[in-house]
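Engineer: For the protein sequence lines, the chains are A and B, in the order given.
Here the first sequence is numbered in the numbering used here, starting from 243 and rising by one per residue.
Here the second sequence is numbered in the numbering used here, starting from 41 and rising by one per residue.
Some hints here could point you the wrong way.
Claimed, not checked - Label-pair restraints from in silico Cβ distances:
| hint | chain 1 | residue 1 | chain 2 | residue 2 | range |
| --- | --- | --- | --- | --- | --- |
| 1 | B | I478 | A | G488 | 58 to 66 Å |
| 2 | A | S475 | B | V527 | 48 to 56 Å |
| 3 | B | S201 | A | L612 | 55 to 63 Å |
| 4 | B | K456 | A | V367 | 52 to 60 Å |
| 5 | B | I455 | A | F587 | 57 to 65 Å |
| 6 | A | E497 | B | D411 | 41 to 49 Å |
| 7 | B | K163 | A | G488 | 55 to 63 Å |
| 8 | A | E286 | B | K538 | 17 to 25 Å |
| 9 | B | S44 | A | F587 | 45 to 53 Å |
Quick caveat, the hints were computed from the structure, so don't treat them as lab data.
Positions of the beta carbon are idealized from the N, C-alpha and C atoms, including for glycine.
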Amino acid sequence: MPSLEMLQLIWWILLGVLLTGFALTDGFDLGVASLLTTLAKTDEERRLMINTIAPVWESNQVWLILGAGAIFAAWPLVYAVAFSTMYLAMLLLLVCLIVRPIGLKFRSKMPNQKWRNGWDWALCVTSIIPSLLFGVAVGNAILGLPFTFDDQLVLLTKNVFFELLNPFALVAGLVSLTMLIAHGAAYLRLKVDHPIVERAHGTQKFFSFLGLIGFVAAGLLLNNTCSGFTLESVSPFQNILAKVVGVQLIEESAELTQRFFNSSTKISALVAFFGFILSMVSGKRKAVVGFLGTSLSIIGVIATAGLAAFPFILPSTIAPNHSLTVWDASSSRLTLFIMLIAVGFFLPFILGYVTWTYRVFRKKLTLKDLSDPQMY
Amino acid sequence: MFESLTAIQLARLQFGITAMYHFIFVPLTLGLSFLLAIMESVYVMTRKPIWKQMTQFWGLLFGINFAMGVATGITLEFQFGTNWAYYSHYVGDVFGSLLAIEGLMAFFLEATLIGLFFFGWKKLSQQAHLCVTWGLAIATNFSALWILIANAWMQNPVGTSFNIDTLRMELTNFYEIFFNPVAQSKFVHTVSAGYVTGAVFVMAISAWYLLQKRHVEFAKRSMTVAVSFGLASALSVIVLGDESGYTANQNQKMKIAAMEAMWNTQKAPADLLLFAIPNEEKRENTLEIKVPYLLGLIATRSFSIEIPGITELEESAVLRIKNGQKAYLALQDLRKDRKNSVAMQQFNKYKNDLGYGLLLKKYTQNLQHVDEATIKKAAHDTVPNVTSLFVFFRIMVLCGFVLLAYFLIGFWYSIKRRFAEKPWYLRSSLLALPLPWIAVMSGWFVAEHGRQPWAIEGVLPTFMAASNHDKSSLVISFSVFVLFYSVLLIFDVVLLKKYIKAGPDIFSMKEGA
Chain A
243 MPSLEMLQLI
253 WWILLGVLLT
263 GFALTDGFDL
273 GVASLLTTLA
283 KTDEERRLMI
293 NTIAPVWESN
303 QVWLILGAGA
313 IFAAWPLVYA
323 VAFSTMYLAM
333 LLLLVCLIVR
343 PIGLKFRSKM
353 PNQKWRNGWD
363 WALCVTSIIP
373 SLLFGVAVGN
383 AILGLPFTFD
393 DQLVLLTKNV
403 FFELLNPFAL
413 VAGLVSLTML
423 IAHGAAYLRL
433 KVDHPIVERA
443 HGTQKFFSFL
453 GLIGFVAAGL
463 LLNNTCSGFT
473 LESVSPFQNI
483 LAKVVGVQLI
493 EESAELTQRF
503 FNSSTKISAL
513 VAFFGFILSM
523 VSGKRKAVVG
533 FLGTSLSIIG
543 VIATAGLAAF
553 PFILPSTIAP
563 NHSLTVWDAS
573 SSRLTLFIML
583 IAVGFFLPFI
593 LGYVTWTYRV
603 FRKKLTLKDL
613 SDPQMY
Chain B
41 MFESLTAIQL
51 ARLQFGITAM
61 YHFIFVPLTL
71 GLSFLLAIME
81 SVYVMTRKPI
91 WKQMTQFWGL
101 LFGINFAMGV
111 ATGITLEFQF
121 GTNWAYYSHY
131 VGDVFGSLLA
141 IEGLMAFFLE
151 ATLIGLFFFG
161 WKKLSQQAHL
171 CVTWGLAIAT
181 NFSALWILIA
191 NAWMQNPVGT
201 SFNIDTLRME
211 LTNFYEIFFN
221 PVAQSKFVHT
231 VSAGYVTGAV
241 FVMAISAWYL
251 LQKRHVEFAK
261 RSMTVAVSFG
271 LASALSVIVL
281 GDESGYTANQ
291 NQKMKIAAME
301 AMWNTQKAPA
311 DLLLFAIPNE
321 EKRENTLEIK
331 VPYLLGLIAT
341 RSFSIEIPGI
351 TELEESAVLR
361 IKNGQKAYLA
371 LQDLRKDRKN
381 SVAMQQFNKY
391 KNDLGYGLLL
401 KKYTQNLQHV
411 DEATIKKAAH
421 DTVPNVTSLF
431 VFFRIMVLCG
441 FVLLAYFLIG
451 FWYSIKRRFA
461 EKPWYLRSSL
471 LALPLPWIAV
481 MSGWFVAEHG
491 RQPWAIEGVL
501 PTFMAASNHD
511 KSSLVISFSV
521 FVLFYSVLLI
531 FDVVLLKKYI
541 KAGPDIFSMK
551 EGA
């Protein structure tokens, strides 16, 4: 069995992989639905957009459920703290995540225009809010949340909502929203054969541009106005209360500046830059290049966020020593190992059948396809 | 309206209601998925288009139901983090990993295949599509397997031990958790109940068509499939329900005693109460109607093993609470000095009762000095509400036997091919529609409420498992769910009604259409 530290590191990376999987797949579902009311002009066009994601959204959403499950299983304290502290934000997210599947499934099942229009707006709003919230949550995870533990590890927290909407986290939210909308537009260009792709092309370029500006702004804000955490001693035996954490303004601490802008973060940030730019310059007929661009921007942004915070997963703003780090917030060695075996066995299998599914549905959709009674 | 409830009670109510709501859809998904696979198999073997129409029409209703099931399942996963933070910390190592494996192994497959099922009719060969449908049914059941393994661990927490540094339960033996005897019987009992639900659903709608003399061929065939499937499943539910009772008696004696309103230990073999009015104050029953010896035979499968009564179990809890108190105090010493060997010895001696010591925390934070009266109160807390368990258990069993009779009669008519001539049977099919749901909800109530005061039997009391939110947060989330879920249910029913009314002819029977 690999050492605990090794397993923790692997599970930290795997968490990133699962969340990236979610952002890459469910990300375009969210993006497409966010654009539903603005990009499409007629009911037919809206049905066209919805049916590009119809066969795959259920599968895509599992990445999120699996990501949450992986946090629960591999980082139980992170699960407890993040979900309890961001209580109302999670409730809002949950409501959106419930409305979306039902909206997709129910929307076209009644011919009534009011019913459909209502669901379209509902789908749009409940896709924009989660896209924004994911970024806000990650932004706050970097800055830290107000929580502490008593000596029995009972979590003491006040649940915060408006505190979450600080400048850095809001900018982070805008980055995730814009990059997912661009990703959705890029996906549409791949999947439909209809003049709507021209509108999608413009949308993609515009939102990738906004994403790029947001990404740079987030970096500058973080570096100039926010505090960072330094791990000064690691907890023995994963006793989370027995470590020492220092807090300093990032720009004043040479070590922190180095950590936030060390070589690995530089590479991931470069990947993000490259992705945003590729998406912006992709030509009209180069839908694949455009999709590659938005995908790279998503991968780069998520990796940058993770690497910038490492080894912290959730710092505590009110009791820095109680912060959750990669080295003490994980599950036990045996659990991490068994789950690693499960992932090693099932993930290739999952990637296999998901790829096959996308191959089955590789043909571009046209208005003619909508007459099939199975279509949404 | 929430004045009389504490934050913890609100959190419990929220979980209970959202879980029950989720379980409106789950059993139907479990049952219909296999019925779809059977119908499509007949289609592929016989090439008769009516079987394809059947698969597609029942599939449509399945799909509406599936979306609701998926959407409401996320709520439950999230709630562990939002409302049950200490639970997530205390058992996430075990419980979380079971949920994660469920996602990896089953749910991902299920969610991917459902897209292929609906949108793959024209894109896949008949054989490939049939494989998709069977895969969907199997994945759905695997999903249930892992969830029930996780639930069974809450009832019978094997394969784990307490870690004094991380202050939580950690996995020690995965094999024991997977082959937990509670999990095995619970799994088959629960999925069989799902099959019964699916069968009754198909029977009732088909009967409605037959009564109206619409879609007669479609309805007759659907009923024939559903009735045999339902009969086999109803038998399996009852047999495995009995097995569940037997395994529960191994580790949850209090639950059995409460379900049977057995206030005091009887001489073996104990009698089975068919009817009684339990009195919680006086700890006695009035108007008892009983079958001699039957309970002893079911629960212990012997003539000589005694089943302990509620009062005796409460007395034995006193000792476990005292031991748990010692374990807890030793743990505090170990937290101060990890090398304290006396404390370590003391802790190891009593650690199996640590959970019972935690019961005291409801009354005092200082476990150093606890008087006898407090220990008595904590021991009294180990008794769940007897009347509700006694009643709902009987409702469940009654529904089970009524459904068994219903399927037996139906099976006879199906052999004789006389469904259409028996309007009384068709009408009773409509009346039978709510029964599986009543049985399933009652069953879950008995299983979960009967585990109280524990979140994890003998390990973690429910009142400790919750997050430390103030009441207002819980009132907000609770109200949101109640309102929001009611609206969704209305939409769901409206849609189902619309499609049931429209009937299977929305799917053309022409080949390739």
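Engineer: Each hint: holds or not?
Structural biologist: Hints and how they fare:
no., hint, in the structure
1, B/I478 to A/G488: 58 to 66 Å, "60 Å, holds"
2, A/S475 to B/V527: 48 to 56 Å, "52 Å, holds"
3, B/S201 to A/L612: 55 to 63 Å, "58 Å, holds"
4, B/K456 to A/V367: 52 to 60 Å, "56 Å, holds"
5, B/I455 to A/F587: 57 to 65 Å, "46 Å, violated"
6, A/E497 to B/D411: 41 to 49 Å, "54 Å, violated"
7, B/K163 to A/G488: 55 to 63 Å, "58 Å, holds"
8, A/E286 to B/K538: 17 to 25 Å, "22 Å, holds"
9, B/S44 to A/F587: 45 to 53 Å, "50 Å, holds"
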